[in-house]
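Enquirer: If you want the building blocks of each chain, they are given just below.
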Amino acid sequence: MRPVLLKGGRVIDPSQDHDGIADVLIVDGRIEALGKNLSAPDGAEVYDATAKAVAPGLVDLHVHLREPGHEDAETVATGAGAAAAGGFTAVCAMPNTDPVTDNQAAVGFIVKQGTAARAARVYPVGAISLGQEGKQLAEFGGMVAAGIVAVSDDGHPVVSSHLMRTALEYARSFGIPVAEHCEDPFLSGGGVMHEGSVSTRLGLRGVPSASEEIMVARNILLAELTGGHVHLCHISTRGSVELIRQGKARGVNVTAEATPHHFALTHVACEGYDTNAKMNPPLRELADVEAVREGLKDGTLDAIATDHAPHHYESKEREFDDAPFGVVGLETALGLGVAELVAGGYLSLPELIARMSTRPADIFHLPGGTLRRGAVADVVVFDADREWVVDPARFRSKSRNTPFAGRTLRGWVERTIVGGQTVFAAERD
Amino acid sequence: MTVLSLGKDLLGLEYLTKEQIELILDTAEPFKEVSERTIKKVPTLRGKTIVNLFFEASTRTRISFEFAEKRLSADTVNVAALGSSVQKGESLVDTARNLEAMRIDMVVMRHPSSGAAKFLAERIRSNVVNGGDGMHEHPTQGLLDMLTIRDRLGKVGGLKVCICGDILHSRVARSNVWGLLKVGADVAVCGPQSLMPGGIEELGVIVFRRIEEAIEWADVLNVLRLQLERMEAGYIPSIGEYYRVFGVTLERLERAPRELLILHPGPMNRGVEIDSRVADGPHSVILHQVTNGVAIRMAVLYLLAGGKPELAEAAKGMQEAET
Amino acid sequence: MSPSERQTLLDAPGVAGALERIVQQVVEFAGGTERLVLVGIQRRGADLAQRLAHMIAARWGTAVPLGVMDITLYRDDLQTVGPRPIVGETRLPVDLDHRCVMIVDDVLYTGRTIRAAMDQLADFGRPARIGLCVLVDRGGRELPIQADIVGTKVDAHADDMVDVLVNELDGRDAVELVKGGKT
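Chains as they are written, first to last, in numbering that gives the first Met the number 0: chain A, 0 to 428; chain B, 0 to 322; chain C, 0 to 182.
It should be emphasised that the hints constitute simulated quantities derived from the structure, not laboratory data. Note that beta-carbon positions come from the ideal geometry of N, C-alpha and C, so glycine has one too. Be a bit skeptical, because a hint or two may be false.
[Said to hold, decoys possible] Just a few of them, taken from the derived set where beta-carbon distance is under 10 angstroms, the chain B residues facing chain C:
| no. | residue |
| --- | --- |
| 1 | Leu-22 |
| 2 | Glu-28 |
| 3 | Phe-30 |
| 4 | Ser-34 |
| 5 | Arg-36 |
| 6 | Ile-38 |
| 7 | Lys-40 |
| 8 | Leu-44 |
| 9 | Arg-45 |
| 10 | Lys-47 |
| 11 | Asp-74 |
| 12 | Ala-278 |
| 13 | His-282 |
| 14 | Leu-286 |
| 15 | Ala-298 |
| 16 | Ala-304 |
[Stated by the list, open to error] Take a look, some chain B residues computed to stay more than 12 angstroms from chain A by CB distance:
| no. | residue |
| --- | --- |
| 17 | Glu-18 |
| 18 | Ser-57 |
| 19 | Phe-66 |
| 20 | Asp-104 |
| 21 | Arg-122 |
| 22 | Asp-150 |
| 23 | Gly-153 |
| 24 | Ser-169 |
| 25 | Phe-207 |
| 26 | Arg-243 |
| 27 | Thr-248 |
| 28 | Leu-252 |
| 29 | Met-267 |
Only chain A is shown next, with the shape it has when bound in the complex (with noise of 0.2 angstroms):
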């Protein structure tokens, strides 16, 4: 494998506290040295990263790559491809998929269909329960062995609380995190979108914000009961910010995250009946992304994760009420967090870094996420200060849901590196 040197860009690694102008090495898959002047072996690639920024590789815990059972709207290379392209290194793949990635052999089948996609590398998350049914557990042993990360019924809350503090209890022997879609499925009563004024005026059916509290509250304390480690996915309320601040506070085992559109927009982009701007948990009001900007500031909110939802065309041109939840993500997260996190005043790019790198790596146990020598060299190296216009035609996945056409995003993907092999280069223009 031909080694890389990446020269004279701003180097960022919240993992060692490092930002300034630096070299980067790669060698044989790994990072060989990160430091000034240094100089390029026999052979090696020297990539001019002047006025670029440098960082370990994005690392998104949440995605839903479709495959199997819905390859119209994304497949797990069509996935990796367009994490790539957004800069990610690695993504987390949701396991409500059709059939459910429940047992050993379907997580199997992700690793492959992963490995084979030659992009960004593709960690599979198990069902809590089978079928996502919430009754019976899974085997979390044998999807351990095959390759999980995480188990999650994502898509579908854990409704019994007994099931949900098994599967906090088992997790613990795997060491692996539970990452819970928290939603009150009664409370939310066929909700599909943010309970308040919009909804209101729009005569669409509410989704109020205690039905993520409610269970966001529960699994705190059931984490609290078991001493287990629960993740609570795409955080999007005011109120259960305060909660898991409050958990944290108490040491309860609890992480959490948040998606690039629960701190971009408010509920007012259903206006007009915009289905690309359905999506669950729906998009809330102006103080609930200013706690979720804030939850993220101060650490609340551990990562920044996607909830990349693909969708085809035809399934989202329909009546509000008939179209499905869900965005695409991956392509315009890095661009959202710059414009709005970072050029809004709220987390410096270290810190932004942090959020969707180091931090989610490190709660999910993944490789990556660091710049140390030894370590894996996912890399992603952006131009932190370019704006574009999103055109989701252009998009590497095969879906275009997204809400944020049109809109000038900051920080453009040059180029995308796993494990020393560049899967994603931007076109010279």
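Could you slot chains B and C onto chain A? The hints should help.
Expert: Only chains B and C this time, still in chain A's reference frame:
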């Protein structure tokens, strides 16, 4: 002079100006008289094809639209596409494409999903009239309610109108709120909190939690139908309790400081949201609403049929010159 | 528009004289006042019909039934020119069957208004006879329709406008030709 137009579609009263609403109400006046004629038909929309596309059961609204269409000499086709979204088979997009291919002029649509009328209107060239979309709007009902109030009390602006009942699930409530606010009425809503949508105050309405307070305040009550399935869904404990606590009864009205006008969009649940003695009493204008419904729908169809403001302006000049 | 382009066809006394002649002919046409119904076309035709009704009442002592018609809903040009902003009142006070209906309008031009008026009358009943009287016939017919009674005639060019002013709406009575007034 700028000539008012409704544009291509009537999707909701939220999207109209005060002047557009008044134009529709004024245009409805001469159409009332057409329905009183022996031959209740004028050739205005001769040759126009109108499809009444109903994805939800409705007798009165469909009949009212059909009378309006026939009295304007339009050719009408009724399509009843009932059934749950799963059973529909054909998507609304495909339905829209088919209608477009048949070169129809107008569609009146009722649909269980909020926003469905807008969805259709954005995908076909024909005029779309929203005959009720989910819990969103039922604009012709809002208009006929305003016309009835104006007939009886001489004005709408400045009056205090309270909409009573299941506000949460009601498209009639939303169209009333928008329409009434735009023409300058004071608007309130009253009903059990469990049937009150969040943030309703932000639309600019007063919220009464007790029917007695609403009756004391209002000049006009618009009493909504209580869907009986709300009880099964757990929003209210029982029909009997609803009537006792929120029913518009003669006893409650007798304690009102002024004569109230009572509207109801129908069909009524007597002894649930409204006392029979009130429904059939002198305060009630419920049948007047039904009559006005046809006139309002004729006015809307007529105004949308041309739909091109610059042409209406030209027409006005021609008429002046010719007569 | 400069005054030089405006030419008076009938001044106030001229209008009065024309109406005198018209009312005489209307009663003759109807064979007396017994079966006569006057129907004015909105808006100035309605004012003229009212004048004729007053004159008949004064001279013959009979209150003839007086109706008004707005022909907007019977026009043949909705498809091409769009809706009129406001539709005027149509009110026919009596059963028209076996009556002699005199349609009253201010100007007769293309004939399309009168075509629409006759269609509308037919939907209200079956008069024994329908007549048409106008204050001005300006020529330019597009349909085979002629007035039975005419106050005055003028051969106006298609670009010209014939303006009938009535005291009720305009504060004075006159018939004026405006050269090039239609452009």
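Enquirer: Should the interface hint for Ala-278/B be scored as holding, given a Cβ-Cβ cut-off of 10 angstroms against chain C?
Expert: Where the cut-off is 10 angstroms and the nearest Cβ of chain C is about 33 angstroms from Ala-278/B, the hint is violated.
Enquirer: Please check whether Phe-30/B passes as an interface residue: C-beta within 10 angstroms of a C-beta belonging to chain C.
Expert: holds, 8 angstroms
Enquirer: Under the criterion of a CB-CB separation shorter than 10 angstroms, is Arg-36/B in contact with chain C as hinted?
Expert: Holds, about 7 angstroms.
Enquirer: Can we trust that Met-267/B is non-interface, i.e. its beta-carbon lies farther than 12 angstroms from all of chain A?
Expert: At about 23 angstroms from chain A, Met-267/B clears the 12 angstroms cut-off, so the statement holds.
Enquirer: Please settle this one: Phe-66/B was flagged as non-interface, so is its CB more than 12 angstroms from every CB on chain A?
Expert: The claim holds: Phe-66/B sits with its nearest Cβ about 27 angstroms from chain A, beyond 12 angstroms.
Enquirer: Checking the smallest CB distance to chain A, is Leu-252/B really beyond 12 angstroms?
Expert: holds, 29 angstroms
Enquirer: At 12 angstroms, judged by beta carbons, does Glu-18/B keep clear of chain A as stated?
Expert: holds, 22 angstroms
Enquirer: Can we trust that Ser-169/B is non-interface, i.e. its beta-carbon lies farther than 12 angstroms from all of chain A?
Expert: violated, 9 angstroms
Enquirer: Just checking, Gly-153/B versus chain A, shortest CB gap more than 12 angstroms?
Expert: It holds; Gly-153/B is separated from chain A by about 30 angstroms at its closest Cβ, greater than 12 angstroms.
Enquirer: Return the status of the interface hint for Leu-286/B: holds when the least beta-carbon distance to chain C is below 10 angstroms, violated otherwise.
Expert: violated, 23 angstroms
Enquirer: Quick one, is the Lys-47/B hint okay against chain C at 10 angstroms, beta carbons?
Expert: holds, 8 angstroms
Enquirer: In terms of Cβ atoms, is chain A entirely out of 12 angstroms range of Ser-57/B?
Expert: holds, 17 angstroms
Of the numbered hints listed earlier, those contradicted by the structure are 4, 11, 12, 13, 14, 21 and 24.
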